[in-house]
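S.K.: These are the residues of each chain, in order.
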Amino acid sequence: MRPFAYAQARTSADALATLESRRRAAVLAGGTNIVDLIKIGVESPDTLIDINALPLGRIETHPDGTLSIGALARMSDTADHPAVRAAAPAASRALNLSASPQLRNMASIGGNLMQRTRCVYFRDVSQPCNKRRNGEGCSAQGGDDRRMAILGASARCICTHPSDFAVAMLTTDAAIHIRGAHGARTVPLLGFHTLPGDDPTRDTVLGRDEIIEAVSFRPSPLTRNSAYVKVRDRASYEFALVSAAAALDVQGGTIRAARLALGGVAPVPWRAHVAEAALLGKAPTREVFLAAAEAELAAAKPLRLNGFKTLLARNAAARALGAVGGAA
Amino acid sequence: MNTRKLSRRRFLVRAALPAVAAGIGAHAPQLASAAEVAGVAVAPAHGPGPVPVRLMVNGTTHELTLEPRVTLLDALRERLALTGTKKGCDQGQCGACTVLIDGRRVNACLTLAIATQGKHVTTVEGLARGETLHPVQQAFIDKDAFQCGYCTPGQICSAVGLLNEKRALDDATVREYMSGNICRCGAYTNIVAAVQAAGGHG
Numbered sequence: 012m013r014p015f016a017y018a019q020a021r022t023s024a025d026a027l028a029t030l031e032s033r034r035r036a037a038v039l040a041g042g043t044n045i046v047d048l049i050k051i052g053v054e055s056p057d058t059l060i061d062i063n064a065l066p067l068g069r070i071e072t073h074p075d076g077t078l079s080i081g082a083l084a085r086m087s088d089t090a091d092h093p094a095v096r097a098a099a100p101a102a103s104r105a106l107n108l109s110a111s112p113q114l115r116n117m118a119s120i121g122g123n124l125m126q127r128t129r130c131v132y133f134r135d136v137s138q139p140c141n142k143r144r145n146g147e148g149c150s151a152q153g154g155d156d157r158r159m160a161i162l163g164a165s166a167r168c169i170c171t172h173p174s175d176f177a178v179a180m181l182t183t184d185a186a187i188h189i190r191g192a193h194g195a196r197t198v199p200l201l202g203f204h205t206l207p208g209d210d211p212t213r214d215t216v217l218g219r220d221e222i223i224e225a226v227s228f229r230p231s232p233l234t235r236n237s238a239y240v241k242v243r244d245r246a247s248y249e250f251a252l253v254s255a256a257a258a259l260d261v262q263g264g265t266i267r268a269a270r271l272a273l274g275g276v277a278p279v280p281w282r283a284h285v286a287e288a289a290l291l292g293k294a295p296t297r298e299v300f301l302a303a304a305e306a307e308l309a310a311a312k313p314l315r316l317n318g319f320k321t322l323l324a325r326n327a328a329a330r331a332l333g334a335v336g337g338a339a
Numbered sequence: 002m003n004t005r006k007l008s009r010r011r012f013l014v015r016a017a018l019p020a021v022a023a024g025i026g027a028h029a030p031q032l033a034s035a036a037e038v039a040g041v042a043v044a045p046a047h048g049p050g051p052v053p054v055r056l057m058v059n060g061t062t063h064e065l066t067l068e069p070r071v072t073l074l075d076a077l078r079e080r081l082a083l084t085g086t087k088k089g090c091d092q093g094q095c096g097a098c099t100v101l102i103d104g105r106r107v108n109a110c111l112t113l114a115i116a117t118q119g120k121h122v123t124t125v126e127g128l129a130r131g132e133t134l135h136p137v138q139q140a141f142i143d144k145d146a147f148q149c150g151y152c153t154p155g156q157i158c159s160a161v162g163l164l165n166e167k168r169a170l171d172d173a174t175v176r177e178y179m180s181g182n183i184c185r186c187g188a189y190t191n192i193v194a195a196v197q198a199a200g201g202h203g
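Chains as they are written, first to last, in the working numbering: chain C, 12 to 339; chain Z, 2 to 203.
Among the clues, some could well be false.
In the SDA-like style, the derived pairs of lysine to any residue whose C-alpha atoms are separated by at most 25 Å in a straight line are [claimed, not checked]: (1) Lys-50/C <-> Gln-148/Z; (2) Lys-50/C <-> Lys-120/Z; (3) Lys-88/Z <-> Ser-247/C; (4) Lys-144/Z <-> Arg-134/C; (5) Lys-50/C <-> Glu-221/C; (6) Lys-88/Z <-> Asp-135/C; (7) Lys-50/C <-> Asp-91/Z; (8) Lys-167/Z <-> Pro-93/C; (9) Lys-50/C <-> Arg-134/C; (10) Lys-50/C <-> Arg-55/Z; (11) Lys-88/Z <-> Pro-45/Z; (12) Lys-167/Z <-> Lys-50/C; (13) Lys-88/Z <-> Ala-42/Z; (14) Lys-120/Z <-> Ala-90/C.
None of these hints come from the bench; they were simulated from the model.
One chain only, chain Z, in its complex shape (with noise of 0.2 Å):
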């Protein structure tokens, strides 16, 4: 049903290109403003109702239709269904969250799904290669490095964020670095050797 939405708002869009670009120059569809007749280079503005989103999810391209203040944490549980995701905080805090975006580790509540557009994001169900886990998760499990495992999977991104930046790490670093991901439960000492394991020091 969305996928029919989409498909008549973007010719909608598409079919009303030419004429507003033939006013304008050189811009994206929208109503032109005052600063635009003027010759302004006003960036065209979309929302706040549901426009066009297209999300790069584990290699996946999605096309949604979303507000532009929803959030990518958001957008992956509530429309593309991938859970693995997990809302603690929802405000940056917790690290529950993390996904990486063009490999680097970002907190996915804080980043806003229009925003991502032309990047790949990798939630933690993008890890495995098929049957294959990653050896980050291969390492959580081997070591035993969570309990409830709310926080795990932001732990697990979090900790391919930071074998991706080529640290040197001993103990110290690696709880310094993986300060950004939050466990109620207390499995640190774990998760360290877990991420030892899995940077070939464990």
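Only chain C is shown next, with the shape it has when bound in the complex (with noise of 0.2 Å):
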């Protein structure tokens, strides 16, 4: 493990100030990805910044509805906060289904938005790797693939994004709250993990010198009605081989709204808007969530070893939207 200074922020504005002014260091918030990515050698910072001190505990509804999740609330907390579990059970679930008890009691929920890939290419610094180092190749084509991505993928990276929480936030329309040295700025979860393209290096459009503060949503029928299904090798303490978020406004028979995200298959957590266009305006069938999944997954692209993903985030959606929409 290489050697690293260690700064103790007490603010946000300090935190920030460290980061510009220390161009190789790095946040530490729960320390469970970051730690682990240090010791393997992925990562390599010359300093790591604790902002545990910084008020970005709270879990709170504001005046306007909105719920609020501070980026180092913990994911246990979060999992189990009432607000959460009302609000938005498909995220309350993930939570839970996520890593273990004790790394949910370290992890926060903006390291957790943050996490970095599983692929053990990308954890294995002898071999090459296009999102440690753009150029090098990708070890993972060719290789096993079994747990890499169907949707998404590019010529340079195909691996596949861990987050479960990610997943079933893409259900909620949530926001995430930034801040850098200058200013503030809020931006959807949607398009916040940036897919890997020429660039695979680049997870998020979080930059470099600034923070995550809070995720936050607007609770509605729509998002208190969610579900979340995750399919793994292991029946507990295992990423996601598949997964499906889903969330049914159902009113007098009819889909009035819909929100599907599926995870395990993409390099980033992947919102599957054709499966949602295809639900609206029809009955909460099992027929009408297998065609919907289906209608998006026409776009996959299995590889050698995960043909298998396809129909398993098939039957994985249809059982999400199955526990939302009053059908089987």
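Join the two chains into one complex using the hints; note that each chain is given alone, in its own frame.
M.R.: What follows is the structure in structure tokens.
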């Protein structure tokens, strides 16, 4: 493990000024990802800026009804928070199906959105990887691609995004509140994560000198009627092979609004716009759910070992939709 | 020897404080960077060499000199000789290093020792009261909830953390909420029984 200096920030301004003055610094929140990545040599910051003393751990409902989850709220506390459970059951469920109780006690919500891929080649510094150093090549292509993407991949990178929470939060139209040394900005969660394209080294639109302060959304009948389904190789303590988050607003037997997002299938949490469009105005039946998921997955490009993901993702999507649509 | 080094270092640090503070305000001592001179609040950096770290473990305060990269797990085992906490995978995948920080279970292998200052760390050595075992420790013995024992300190600390979380515990919930602790001997059946017994359902 390479040596690094440690700085404890007291305010966001402290953290941002330190990030600006130390060009190779990284932020320490829960540490479950960055400490691991430093150990295995994937990251090598010269300084870790501990932001845990910042007042960003609150989960609160604002007067206008917006539910705000502070970036330093822990996964465990967020999962079990009554407001989160009520306003976004898919998000609560996704958090409780993530990692282990110990890791959920440590890991922060902001860090969860920022976590890096679990691609085995990205994590093995003896193997070329365009996400670590663009231009080296992608060892996953032609390698063990069983866990890799079937949607959104590029010639440079075929990894999958590991977050369950981000997939579930796509059903809420959440916003990410970002602060930089020169001001604050808010961006939609949809689009926060960037497709690999020609530059897989970049995971998100967050700038080097910026931190996440909170994630927020407006609870609605749609977000309150949501579910998360996760399929994995073992029953617990494992990343998703595929996952699906669904939210439906059904009135008079007709789908008035729909959100569907898929995990484990793409380099980003995947919002299934095609499937959502196919659901609108239809009756919530299993046939409709399967057809909508199939429409989304028509664009899938399975690799040598992950052809099963297309069918698995379809079925997971139908199950998640079924859980909120009153149909099996 | 460490104590003497530490005292000297702390003395030097304190002696330097007034001069630095006069220059840049209320920051802790360090060489002033350009940002500090400009009046921007830059958090003072410590290390990467050894720096004073104060750990509170099992009710005792320890003054150590550690590099910032030292994990809580290595500090406990290699510096404080508290070898009850085990190193399994060293990457958050097995749970053998589970300890309690302020009563919450965490993986000591992914926790930096320097980042735990001001918090109370409890290891498996800190659970018993004198000769009286913690109810979870006693339950693991009563229910024969281990074989080789390597994962057991982590299992026990994790179970104490689980009971602190005050969940309604049926067997399925115990299995799910103990899933962060891998047992390669496969003593899971009796571990579930021990957790239930310690929780008053055995």
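S.K.: Flag every earlier hint the structure violates by its number, smallest first.
M.R.: Hint check: 1, 4, 11, 12, 13 fail, others pass.
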